[in-house]
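Taken in order, these protein sequences are the chains called A and S. Per the working numbering, the first sequence starts with residue 1, numbered consecutively. Per the working numbering, the second sequence starts with residue 613, numbered consecutively.
In short, the hints are calculated from the structure, not lab data. Please note that a few of the clues may not be correct.
Result set (PhoX-like, lysine-lysine): computed pairs, CA atoms no more than 25 angstroms apart in a straight line [stated by the list, open to error]:
id : chain 1 : residue 1 : chain 2 : residue 2
1  : S       : K897      : A       : K502
2  : A       : K355      : A       : K525
3  : S       : K781      : A       : K508
4  : S       : K781      : A       : K431
5  : A       : K115      : S       : K626
6  : S       : K710      : A       : K544
7  : S       : K860      : A       : K119
8  : S       : K787      : A       : K525
9  : A       : K159      : S       : K897
10 : S       : K710      : A       : K502
11 : S       : K787      : A       : K414
12 : S       : K664      : A       : K371
13 : S       : K710      : S       : K860
14 : A       : K107      : S       : K664
15 : A       : K544      : S       : K626
16 : A       : K414      : S       : K781
17 : A       : K431      : S       : K897
Listed next, with one range per pair, are the computed distances between beta-carbon atoms [claimed, not checked]:
id : chain 1 : residue 1 : chain 2 : residue 2 : range
18 : S       : W760      : A       : T424      : 24 to 30 angstroms
19 : A       : N552      : S       : I616      : 20 to 26 angstroms
20 : S       : D714      : A       : S148      : 27 to 33 angstroms
21 : A       : K255      : S       : L630      : 26 to 32 angstroms
Backbone N, C-alpha and C fix where the C-beta goes; we use that ideal spot for every residue, glycine too.
Residues per chain, in single letters:
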Amino acid sequence: MRGVSTFGAFTTARLGILAAQKGLDVTGHNITNINTAGYTRQRLDQMSLRVGAVDRYASQYDAIVGSGVLCTGVSQLRDPYLDIRFRNEQASVGAMDAKLAGLEELKTVLDEVAKGDGKGGIMEAQFNDLFTQLQNLSGKVGQDEYDSLVRSSAYSLVKLFNSYSERLSTIQKNQVGGFKQDIETTNSILTKIQDLNNSILKSEVHGDSALELKDQRNLLIDELSQYMKINVEYERIPVGAGQTADKLLIHLADKSGASIGDLVDGNFARKLSIHQVAVVPATIPPTFVDSPNYDLDLSPLTDSQGNLKTGSTLVNLGDTDLYGSLQSTREILTEAGEFTPTSVVTGADPNAASKRGIPYYQKTLDALANKFATVFNNANTGYLMDSDGNYLDSTTFNPITYTDGGGIVVNLTKNTTLTPALQTLLNTNGKLLGGPLFINNSITAANDTGKLTGITASNIALSSGWSTGAVRITNSFVKGTNTNGSNSTDNSNIAHMLVLMKSEQQYKADDMMTGAYNGGTAFFKGSFQEMLNNTAATLANDLKTTNTLLNNYVASADQMNTSRDAVSSVDLNDEATNMMQYQKSYAAACRLMTTLDEALDKLINGTGVVGR
Amino acid sequence: MIRITTNGVLRNYKSNLLHSSNQVNSARDKVLTQRNFNSFAEDPAAATQAFKLRRSFSRTSDQITNSSDLMSKFQSAWSAAGTAKNLVQQAANDATLKAVNDPTGSGRQPLGKVLSSTAESIVQTLNVQYNDAFIFSGNDAQTVPFSWDNNGNLLYRGISVDSTTDLTKLEQMSKETAYVDVGAGLTEDSTGTLNSASAFNSALSGLNLLGYGVDADGDPKNTVSIIKKLSDIFLRCDADSGKYATDKDQADAMRLNNKLQDSLSSLTKNWVTIDGQSDYLTENKTRLEDSADTINEQILSIEQVDLADAITNFSWAQYCYNSALKVGNQILSQSLIDYMN
Numbered sequence: 001m002r003g004v005s006t007f008g009a010f011t012t013a014r015l016g017i018l019a020a021q022k023g024l025d026v027t028g029h030n031i032t033n034i035n036t037a038g039y040t041r042q043r044l045d046q047m048s049l050r051v052g053a054v055d056r057y058a059s060q061y062d063a064i065v066g067s068g069v070l071c072t073g074v075s076q077l078r079d080p081y082l083d084i085r086f087r088n089e090q091a092s093v094g095a096m097d098a099k100l101a102g103l104e105e106l107k108t109v110l111d112e113v114a115k116g117d118g119k120g121g122i123m124e125a126q127f128n129d130l131f132t133q134l135q136n137l138s139g140k141v142g143q144d145e146y147d148s149l150v151r152s153s154a155y156s157l158v159k160l161f162n163s164y165s166e167r168l169s170t171i172q173k174n175q176v177g178g179f180k181q182d183i184e185t186t187n188s189i190l191t192k193i194q195d196l197n198n199s200i201l202k203s204e205v206h207g208d209s210a211l212e213l214k215d216q217r218n219l220l221i222d223e224l225s226q227y228m229k230i231n232v233e234y235e236r237i238p239v240g241a242g243q244t245a246d247k248l249l250i251h252l253a254d255k256s257g258a259s260i261g262d263l264v265d266g267n268f269a270r271k272l273s274i275h276q277v278a279v280v281p282a283t284i285p286p287t288f289v290d291s292p293n294y295d296l297d298l299s300p301l302t303d304s305q306g307n308l309k310t311g312s313t314l315v316n317l318g319d320t321d322l323y324g325s326l327q328s329t330r331e332i333l334t335e336a337g338e339f340t341p342t343s344v345v346t347g348a349d350p351n352a353a354s355k356r357g358i359p360y361y362q363k364t365l366d367a368l369a370n371k372f373a374t375v376f377n378n379a380n381t382g383y384l385m386d387s388d389g390n391y392l393d394s395t396t397f398n399p400i401t402y403t404d405g406g407g408i409v410v411n412l413t414k415n416t417t418l419t420p421a422l423q424t425l426l427n428t429n430g431k432l433l434g435g436p437l438f439i440n441n442s443i444t445a446a447n448d449t450g451k452l453t454g455i456t457a458s459n460i461a462l463s464s465g466w467s468t469g470a471v472r473i474t475n476s477f478v479k480g481t482n483t484n485g486s487n488s489t490d491n492s493n494i495a496h497m498l499v500l501m502k503s504e505q506q507y508k509a510d511d512m513m514t515g516a517y518n519g520g521t522a523f524f525k526g527s528f529q530e531m532l533n534n535t536a537a538t539l540a541n542d543l544k545t546t547n548t549l550l551n552n553y554v555a556s557a558d559q560m561n562t563s564r565d566a567v568s569s570v571d572l573n574d575e576a577t578n579m580m581q582y583q584k585s586y587a588a589a590c591r592l593m594t595t596l597d598e599a600l601d602k603l604i605n606g607t608g609v610v611g612r
Numbered sequence: 613m614i615r616i617t618t619n620g621v622l623r624n625y626k627s628n629l630l631h632s633s634n635q636v637n638s639a640r641d642k643v644l645t646q647r648n649f650n651s652f653a654e655d656p657a658a659a660t661q662a663f664k665l666r667r668s669f670s671r672t673s674d675q676i677t678n679s680s681d682l683m684s685k686f687q688s689a690w691s692a693a694g695t696a697k698n699l700v701q702q703a704a705n706d707a708t709l710k711a712v713n714d715p716t717g718s719g720r721q722p723l724g725k726v727l728s729s730t731a732e733s734i735v736q737t738l739n740v741q742y743n744d745a746f747i748f749s750g751n752d753a754q755t756v757p758f759s760w761d762n763n764g765n766l767l768y769r770g771i772s773v774d775s776t777t778d779l780t781k782l783e784q785m786s787k788e789t790a791y792v793d794v795g796a797g798l799t800e801d802s803t804g805t806l807n808s809a810s811a812f813n814s815a816l817s818g819l820n821l822l823g824y825g826v827d828a829d830g831d832p833k834n835t836v837s838i839i840k841k842l843s844d845i846f847l848r849c850d851a852d853s854g855k856y857a858t859d860k861d862q863a864d865a866m867r868l869n870n871k872l873q874d875s876l877s878s879l880t881k882n883w884v885t886i887d888g889q890s891d892y893l894t895e896n897k898t899r900l901e902d903s904a905d906t907i908n909e910q911i912l913s914i915e916q917v918d919l920a921d922a923i924t925n926f927s928w929a930q931y932c933y934n935s936a937l938k939v940g941n942q943i944l945s946q947s948l949i950d951y952m953n
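Put together the whole structure using the sequences plus the hints.
What follows is the structure, given as structure tokens:
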């Protein structure tokens with residue numbers, strides 16, 4: 001006969017009290033951690049206890065009763081699939097957030113909407129002012145003060161170019177600083193995860209499920225997923241004595257989500273660093289600097305003591321391997337859009353020509369400054385000609401002639417295509433008028449003509465000739481009737497400059513660098529101001545798109561997080577219900593004990609007293 | 613059924629409250645700045661359009677300034693040419709009345725002096741300046757247009773207006789141009805030559821006004837030269853009898869007198885032309901001002917908010933935000949724990 005135990009039920013009551021107590025403990029733990037970041041709600045795992053043995057003779061009349069409840073552990077309520085989906089969205093949020101941050105910084109320089117006096121922009125308004133000053137000069141040629149006003153306006157414009165360029169360089173420096181900080185943060189996260197992996201393994205070996213440590217680790221993995229797209233895996237590994245524990249594996253993933261290499265392997269982790277390249281020309285010992293492409297290296301897998309994992313080697317990440325905030329910051333730092341070298345488009349990144357970061361905006365501003373300076377230098381420099389466009393000899397003032405391919409002597413005119421020989425003829429015999437207005441002030445040369453190459457937004461300056469008044473705006477190249485120069489108020493060249501200010505120019509990447517993808521094709525055709533506007537509009541459209549995408553990804557990530565909350569987060573109503581439930585069950589178990597006590601009291605003290 | 617948790621509700625609430633707060637902020641910005649957009653990214657198309665219009669507005673303002681300047685210059689030119697015309701008219705009348713039709717001829721020699729001084733006056737009148745530039749000097753306005761050489765010949769920028777050897781130069785000078793942008797397009801052809809119809813030629817040549825060169829009879833075509841030549845003839849007349857010094861002088865006087873009349877009508881025609889150009893500039897300025905007004909209206913319609921609309925939007929955003937706050941207060945205070953006792 002089984003289960004006959006006078007005091008066994010006391011154990012049942014005791015286990016009931018214990019379970020209710022534990023339940024209240026877990027509820028208390030949940031309630032108090034409601035505001036703990038990353039906390040996963042916990043649940044008391046219980047099972048019904050039945051202690052028994054097999055009797056030698058079984059009887060169909062036996063009633064087998066269990067012996068109460070056992071608390072088998074505390075577990076977390078978490079859905080790994082939601083984690084994966086959330087972290088995928090987080091990579092996109094990080095990517096767009098970092099891109100937006102970079103673009104927002106560029107916006108502070110290039111977006112001229114609602115800026116400037118009269119809210120008509122700053123550089124845009126300065127171009128308008130230059131146009132106005134040229135208009136004024138065209139009606140008042142020969143009056144030096146109007147030439148000076150054009151010069152003052154042009155001076156302001158070149159200073160704006162310098163200032164914009166300087167500010168873009170500052171943004172570049174800030175972004176590099178931010179990028180390095182992000183790399184350090186990422187490495188710190190990887191180190192913490194590595195340390196937590198160690199601690200969790202030790203705890204699990206000792207029978208502790210280490211739930212709080214896992215929460216911390218999950219929080220770090222969530223954080224890591226913003227910096228780079230990752231795939232997370234858990235592997236059961238034996239830890240001896242028949243026990244197993246989870247080993248965390250984090251793989252680096254590309255934008256499509258495909259794993260491209262390991263990042264964390266249990267207690268081994270990699271670290272990120274910017275690829276270093278030797279400076280050219282080489283020094284002894286060699287000096288290394290950050291790669292201009294800011295590509296990243298992954299160190300071999302090492303444990304927290306610095307021991308290498310066997311077979312693990314350093315990995316140089318490809319141009320498009322990463323996806324997340326690190327990659328977006330890299331792209332902000334390196335992408336040059338239409339100025340991307342062909343070798344990059346045909347090699348590392350086929351889409352590079354349509355990605356635009358700080359270098360693109362620097363180069364478009366440079367292209368604008370260069371085109372503006374070149375066009376005006378050409379317009380202000382030329383040779384004396386008659387009213388029919390024939391270049392004139394500097395001494396006789398007769399048309400310069402040459403023998404054409406057909407053996408006929410013809411005049412050298414402004415429409416003649418100048419071969420090198422004809423250019424030499426013109427240089428030798430013609431009368432040079434005017435001079436350059438803008439120079440590259442980073443070149444050391446004896447005179448302005450030696451400083452005309454490589455003009456960019458950062459180095460554009462007024463020529464020393466114009467600054468000192470030795471060169472002025474050339475009003476005309478047409479010889480006057482009764483003078484050896486042009487007539488005093490002939491404004492034909494100023495009218496030409498006015499036309500140039502609003503005429504279409506072609507902007508090609510080849511003008512600024514060699515080897516650009518499709519560099520010979522104009523990436524924009526328009527006036528100087530239209531080019532400036534186009535640059536701002538390109539940035540604005542990129543900003544708008546990125547902002548929309550970010551909002552979408554944030555909404556999606558929020559939704560994923562809410563779904564995770566639905567599983568993992570503490571809810572006060574839940575906990576209140578549990579509190580009541582455990583309190584009642586505690587009371588019930590206590591009541592069971594007093595009931596048993598009373599019953600046994602009857603048995604012990606109230607039975608067998610007949611005749612006393 | 614999804615489990616709606618306290619933290620989930622709070623996260624959603626925070627996110628929505630932030631969104632609502634952003635909406636209020638954006639609506640408030642629109643009311644405060646009275647602008648539809650404060651960055652390029654808010655509305656790239658409208659911002660591009662606004663910049664284009666502002667550029668047009670700036671160009672049109674420049675063209676209005678140019679037109680105003682030219683109007684003043686051409687009004688001065690018209691006034692000076694009118695004065696010159698009147699002087700010539702007077703000279704022509706005097707010459708006809710006293711020199712040709714006067715039977716006694718007593719007034720001929722004094723008339724010679726008067727005509728000489730009239731010639732001086734015409735030259736001085738046409739050497740007028742506007743804005744530190746000589747009006748009738750073609751496109752060499754820093755050079756005085758008319759002067760006299762030692763022999764009493766009239767020079768235009770150093771070249772005798774009656775010269776036969778420098779006729780090509782005189783022709784060139786008479787065709788000089790100084791084009792100014794008054795809103796007619798200002799374009800160049802493919803060779804870089806300005807399309808003359810796309811700008812206004814502001815150069816006024818004294819040569820065109822008074823004439824230059826000599827005619828088939830060898831007489832000067834220039835009005836002042838004719839007057840000067842008549843003056844010389846009259847000065848040579850006998851002081852008492854007024855008799856011509858020679859028969860040739862008399863024949864010359866008769867012929868030159870007729871030519872002076874022709875010259876006067878040519879001068880009048882040129883004077884009227886200047887008046888026409890001045891009128892054109894006035895009308896053009898009015899047109900440009902209308903155009904500037906229209907452009908300004910377009911800029912405002914793109915950039916400026918409809919204040920009623922903006923305030924309504926702001927009030928609505930504010931209302932939504934207040935509601936969100938109110939709801940939040942209720943969300944946060946309620947749970948089963950509040951009802952436990």
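**OP:** Would you check the hint for K710 of chain S and K860 of chain S, treating anything up to 25 angstroms between C-alpha atoms as holding?
**Re:** With a Cα-Cα distance of about 18 angstroms, the restraint between K710 of chain S and K860 of chain S holds, given a limit of 25 angstroms.
Original post:
At the C-beta level, are D714 of chain S and S148 of chain A separated by a distance inside 27 to 33 angstroms?
Top reply: Distance hint for D714 of chain S, S148 of chain A is violated at roughly 59 angstroms.
Original post:
Hey, K107 of chain A versus K664 of chain S, does the alpha-carbon distance stay inside 25 angstroms?
Top reply: Answer holds: K107 of chain A to K664 of chain S is near 20 angstroms, not above 25 angstroms.
Original post:
Taken at face value, is the distance from the CA of K525 of chain A to the CA of K355 of chain A at most 25 angstroms?
Top reply: holds, 20 angstroms
Original post:
Holds or violated: K664 of chain S with K371 of chain A, Cα cutoff 25 angstroms?
Top reply: holds, 20 angstroms
Original post:
Are K781 of chain S and K431 of chain A close enough, with their CA atoms no more than 25 angstroms apart?
Top reply: At roughly 21 angstroms apart (the allowed maximum being 25 angstroms), K431 of chain A and K781 of chain S satisfy the hint.
Subject >> Hint consistency between K860 of chain S and K119 of chain A [alpha-carbon to alpha-carbon, up to 25 angstroms] >> reply: This hinted pair is violated, its Cα atoms lying about 76 angstroms apart.
Original post:
Are K787 of chain S and K414 of chain A close enough, with their CA atoms no more than 25 angstroms apart?
Top reply: Distance ~21 angstroms between K787 of chain S and K414 of chain A Cα, so the pair holds.
Original post:
Given the hinted pair K781 of chain S and K508 of chain A, is their alpha-carbon gap at most 25 angstroms?
Top reply: Given that 25 angstroms is the threshold and the Cα spacing comes to 45 angstroms, the pair is violated.
Subject >> Given hint K626 of chain S paired with K544 of chain A - CA-CA distance at most 25 angstroms >> reply: Within the cut-off at roughly 24 angstroms; holds.
**OP:** Look at the Cβ atoms of K255 of chain A and L630 of chain S and judge whether their distance stays inside 26 to 32 angstroms.
**Re:** holds, 28 angstroms
**OP:** Starting from K787 of chain S, check that the Cα of K525 of chain A is at most 25 angstroms away, please.
**Re:** Distance ~36 angstroms between K787 of chain S and K525 of chain A Cα, so the pair is violated.
The structure does not agree with the numbered hints 3, 5, 6, 7, 8, 9, 10, 17, 18 and 20 stated previously, though it agrees with the rest.
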